[in-house]
Amino acid sequence: MSDATFPTDRPSLLRMALCKPGFMVGILIIGFSVLLAIFPGFFAPYDPNALDYLAVRQPPSWAHPFGTDLLGRDSLSRVIWAYQVNMQMAVFGTVFALVTGVVVGALVGYYRGIADLIFGRIVDAVITFPFLVLVIAVVAVLGPGLINMYIAISVVYWVYYARLMRAEVIAQMGNDYAAAGVVMGYSDRRIIFRHLLPNAITPVVVYWMTDMALVILLGSSLGYLGLGAQPPQAEWGVLIAEGRNFISTAWWLSLMPGIAIVLTGLGFSLLGDGLADLLRPRG
Amino acid sequence: MTTVMQIRDLHLRFPLGRSLMDHVKGRPGRVVQALNGVSLDLIQGETLGVVGESGCGKSTLARCIVRLYPPSEGSILFEGQDVFAGDARADRSYNRRVQMMFQDPYSSLNPRMTTGQILAEALSVHQMRPEPEIPARVSELLELVRLPQDAQHRLPHEFSGGQRQRIAIARALAVEPEVLIADELVSALDVSVQAQVVNLLLDLQRDLGLTILFVAHDLRLVRHVSNRVAVIYLGRIVEIGDSETLFSAPAHPYSQALLSAAPSLNPDNRGNATRLEGELPSPLNMPSGCPFHVRCPHASDICKSTIPALTPFEGCGEVACHHVEEINAHA
Numbered sequence: 001m002s003d004a005t006f007p008t009d010r011p012s013l014l015r016m017a018l019c020k021p022g023f024m025v026g027i028l029i030i031g032f033s034v035l036l037a038i039f040p041g042f043f044a045p046y047d048p049n050a051l052d053y054l055a056v057r058q059p060p061s062w063a064h065p066f067g068t069d070l071l072g073r074d075s076l077s078r079v080i081w082a083y084q085v086n087m088q089m090a091v092f093g094t095v096f097a098l099v100t101g102v103v104v105g106a107l108v109g110y111y112r113g114i115a116d117l118i119f120g121r122i123v124d125a126v127i128t129f130p131f132l133v134l135v136i137a138v139v140a141v142l143g144p145g146l147i148n149m150y151i152a153i154s155v156v157y158w159v160y161y162a163r164l165m166r167a168e169v170i171a172q173m174g175n176d177y178a179a180a181g182v183v184m185g186y187s188d189r190r191i192i193f194r195h196l197l198p199n200a201i202t203p204v205v206v207y208w209m210t211d212m213a214l215v216i217l218l219g220s221s222l223g224y225l226g227l228g229a230q231p232p233q234a235e236w237g238v239l240i241a242e243g244r245n246f247i248s249t250a251w252w253l254s255l256m257p258g259i260a261i262v263l264t265g266l267g268f269s270l271l272g273d274g275l276a277d278l279l280r281p282r283g
Numbered sequence: 001m002t003t004v005m006q007i008r009d010l011h012l013r014f015p016l017g018r019s020l021m022d023h024v025k026g027r028p029g030r031v032v033q034a035l036n037g038v039s040l041d042l043i044q045g046e047t048l049g050v051v052g053e054s055g056c057g058k059s060t061l062a063r064c065i066v067r068l069y070p071p072s073e074g075s076i077l078f079e080g081q082d083v084f085a086g087d088a089r090a091d092r093s094y095n096r097r098v099q100m101m102f103q104d105p106y107s108s109l110n111p112r113m114t115t116g117q118i119l120a121e122a123l124s125v126h127q128m129r130p131e132p133e134i135p136a137r138v139s140e141l142l143e144l145v146r147l148p149q150d151a152q153h154r155l156p157h158e159f160s161g162g163q164r165q166r167i168a169i170a171r172a173l174a175v176e177p178e179v180l181i182a183d184e185l186v187s188a189l190d191v192s193v194q195a196q197v198v199n200l201l202l203d204l205q206r207d208l209g210l211t212i213l214f215v216a217h218d219l220r221l222v223r224h225v226s227n228r229v230a231v232i233y234l235g236r237i238v239e240i241g242d243s244e245t246l247f248s249a250p251a252h253p254y255s256q257a258l259l260s261a262a263p264s265l266n267p268d269n270r271g272n273a274t275r276l277e278g279e280l281p282s283p284l285n286m287p288s289g290c291p292f293h294v295r296c297p298h299a300s301d302i303c304k305s306t307i308p309a310l311t312p313f314e315g316c317g318e319v320a321c322h323h324v325e326e327i328n329a330h331a
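As given, the protein sequences belong to chains A and B, one line each in that order. When the letters of the first sequence are read in order and numbered with UniProt numbering, they come out as residues 1 to 283. When the letters of the second sequence are read in order and numbered with UniProt numbering, they come out as residues 1 to 331.
Calculated directly from the structure, the hints in this document are not laboratory data. Glycine included, every Cβ here is placed at the ideal spot set by N, Cα and C. Don't take every hint at face value.
To be clear about the criterion: a stretch of chain B counts as covered by chain A if any three or more of its residues have a C-beta under 8 Å from a C-beta of chain A, and this derived list gives those stretches [to be verified]:
| # | segment |
| --- | --- |
| 1 | 91-97 |
| 2 | 120-127 |
Okay, derived cross-link-like pairs now, SDA-like style, lysine to any residue, Cα gap no bigger than 25 Å in a straight line [as the list claims (entries may be wrong)]:
| # | chain 1 | residue 1 | chain 2 | residue 2 |
| --- | --- | --- | --- | --- |
| 3 | B | K304 | B | V294 |
| 4 | A | K20 | A | M173 |
| 5 | A | K20 | B | H157 |
| 6 | A | K20 | B | E158 |
| 7 | A | K20 | B | E178 |
| 8 | B | K304 | B | N285 |
| 9 | A | K20 | A | L35 |
| 10 | A | K20 | B | R112 |
| 11 | B | K304 | B | R112 |
| 12 | B | K304 | B | S282 |
| 13 | A | K20 | A | A213 |
| 14 | B | K304 | B | R27 |
Let the hints inform the model, and build the full structure from the sequences given.
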């Protein structure tokens with residue numbers, strides 16, 4: 001037994017990713033979306049705020065592939081510039097909730113007791129409210145705008161991450177490696193953050209991906225309602241709202257940003273699916 | 001003969017919570033009585049086997065000793081110090097000196113850490129070696145448990161059950177403990193691998209002078225490894241004594257039944273096993289008096305009312321039975 005050798009059968013992450021077409025498509029969509037968000041000026045053919053009163057509400061053409069809006073601005077350029085706002089939403093609308101939720105969830109899952117009881121009541125209170133109504137209420141108090149929208153989403157959303165994390169930490173604690181950590185005399189902090197967290201985080205990361213899609217949708221909804229990004233800023237929800245009155249005559253105004261939302265949402269979902277497979281511990 | 005650990009009258013109850021009906025009727029909540037007054041001495045350098053049916057409290061006892069469960073009553077003294085006393089709980093050096101190995105090798109290793117990381121973590125947290133010497137010590141430990149050096153860079157899922165158990169042994173030994181608690185160390189392994197792991201453990205015990213508490217339900221294995229054996233029934237020790245004597249002439253009626261249930265290699269022994277009536281009573285609802293009286297063929301009135309104490313019985317170690325003398329006079 002002492003000179004037994006092991007087969008080297010660990011495929012690289014890249015090779016595993018290539019085997020999954022869905023995951024690949026997700027990476028491409030999100031990768032391209034990130035590029036658009038970082039360098040919108042490079043991809044957009046026109047200035048998104050340049051007005052042209054001689055070309056108002058023009059249907060898609062070679063000069064304006066997505067048509068023009070009611071002020072003669074190029075729709076394609078506005079959809080591309082909106083990537084900057086909406087991708088930013090996907091990150092800032094989730095990341096604070098993610099970090100808070102993971103830490104709080106891990107702690108209440110590990111220590112249980114009275115903190116867990118209080119946490120349970122908070123969860124009950126938050127999930128019985130319709131999510132959108134709660135966010136709108138917070139925005140109504142703070143006033144409209146992107147920053148306030150991020151605050152509103154984070155204040156509500158961390159609960160969902162924390163709930164997921166708590167359940168996963170409790171499940172992981174059923175494994176003896178957590179008990180082994182205690183027996184080894186490791187500190188609680190080490191057991192929670194070095195041992196339990198890396199094993200419990202997978203579903204949270206996958207959820208995060210879907211959540212980014214949801215937050216884009218939510219941000220667009222708030223933009224549409226006038227509570228998120230404010231015109232003239234290009235944002236998909238705002239763009240759809242601008243085209244609302246012309247839906248039968250100038251359909252491209254609302255359709256094109258709508259397609260952008262669907263595509264990005266699809267990208268995040270595929271990415272989440274692929275990551276779920278990739279991050280699953282083997283053996 | 002120095003006693004390293006003294007377990008005194010250890011009780012452990014798990015409350016199950018009260019149902020709505022319990023509240024309405026004013027009944028107290030139900031309680032699982034996992035340990036009911038276990039007293040035990042662990043002697044330096046010995047291997048003490050702990051045997052009993054499933055659910056009798058063997059593993060609970062093991063987990064209590066390494067402070068995974070705080071006892072409801074009673075104490076555990078390690079070198080005279082109560083390990084559950086106020087400030088002693090914060091003392092992690094007890095955890096270094098008393099180590100445990102778990103039953104399930106598939107869940108006792110963190111699936112996201114390589115063998116090298118697992119061992120290095122144990123070494124660096126307890127500062128067993130200065131940081132630069134840790135890699136060399138990790139190699140030594142792998143050699144000690146007879147794993148190849150390239151195991152360092154592999155994750156637990158790449159190993160078999162027996163190899164994982166050896167990683168767990170290496171992790172326990174990394175912190176140079178004095179006492180090892182082996183909770184069903186090999187029961188999840190194939191018989192051929194069991195022998196390798198157990199013999200490795202015995203070699204290490206001889207070389208390093210370890211004291212081992214060996215919890216198992218495999219009687220022949222316990223006989224092979226132990227110097228002394230304790231028989232547990234419903235969270236209480238019913239007999240404890242020298243391994244060979246206990247196995248060849250058990251005195252307590254429960255030990256007799258338990259040992260005769262073990263399959264024998266001698267075909268002539270077939271059929272004369274003492275069979276037990278009934279089932280293990282639920283620890284939710286403990287019988288009064290001697291916990292064994294509901295199944296014991298020798299039970300009398302005193303067994304139903306009074307709990308027998310562990311008392312020395314001629315040449316047999318200690319036995320907790322009111323009728324031990326009559327029973328063994330018959331035999």
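Results of checking the hints against the structure:
1. Residues of the segment 91-97 of chain B lying with their CB closer than 8 Å to a CB of chain A number 5, which satisfies the three-residue condition for coverage.
2. With 4 residues bearing a CB less than 8 Å from a CB of chain A, the segment 120-127 of chain B meets the requirement of three and the coverage assertion stands.
3. This hinted pair checks out: B/K304 and B/V294 have alpha carbons roughly 8 Å apart, not beyond 25 Å.
4. Proposed proximity of A/K20 and A/M173 is contradicted: the alpha carbons are some 32 Å apart, above 25 Å.
5. The hinted pair formed by A/K20 and B/H157 meets the criterion: a straight-line CA distance of about 23 Å does not exceed 25 Å.
6. Between A/K20 and B/E158 the alpha-carbon distance is near 24 Å, which keeps this suggested pair within the 25 Å criterion.
7. Taking the CA atoms of A/K20 and B/E178, the gap is near 51 Å; set against the 25 Å cutoff, the hint is violated.
8. A threshold of 25 Å between alpha carbons decides the hint, and for B/K304 with B/N285 the separation of about 14 Å falls inside it, so the pair holds.
9. This hinted pair checks out: A/K20 and A/L35 have alpha carbons roughly 23 Å apart, not beyond 25 Å.
10. About 23 Å separates the Cα atoms of A/K20 and B/R112, which keeps this hinted pair within 25 Å; it holds.
11. The suggested pairing of B/K304 with B/R112 is violated, with an alpha-carbon distance near 53 Å, which exceeds 25 Å.
12. With a C-alpha separation of about 16 Å, the suggested pairing of B/K304 with B/S282 holds against the 25 Å cut-off.
13. With a C-alpha separation of about 21 Å, the suggested pairing of A/K20 with A/A213 holds against the 25 Å cut-off.
14. Taken as a hint, the B/K304 and B/R27 pair is honoured in the structure, with Cα atoms around 24 Å apart against an allowance of 25 Å.
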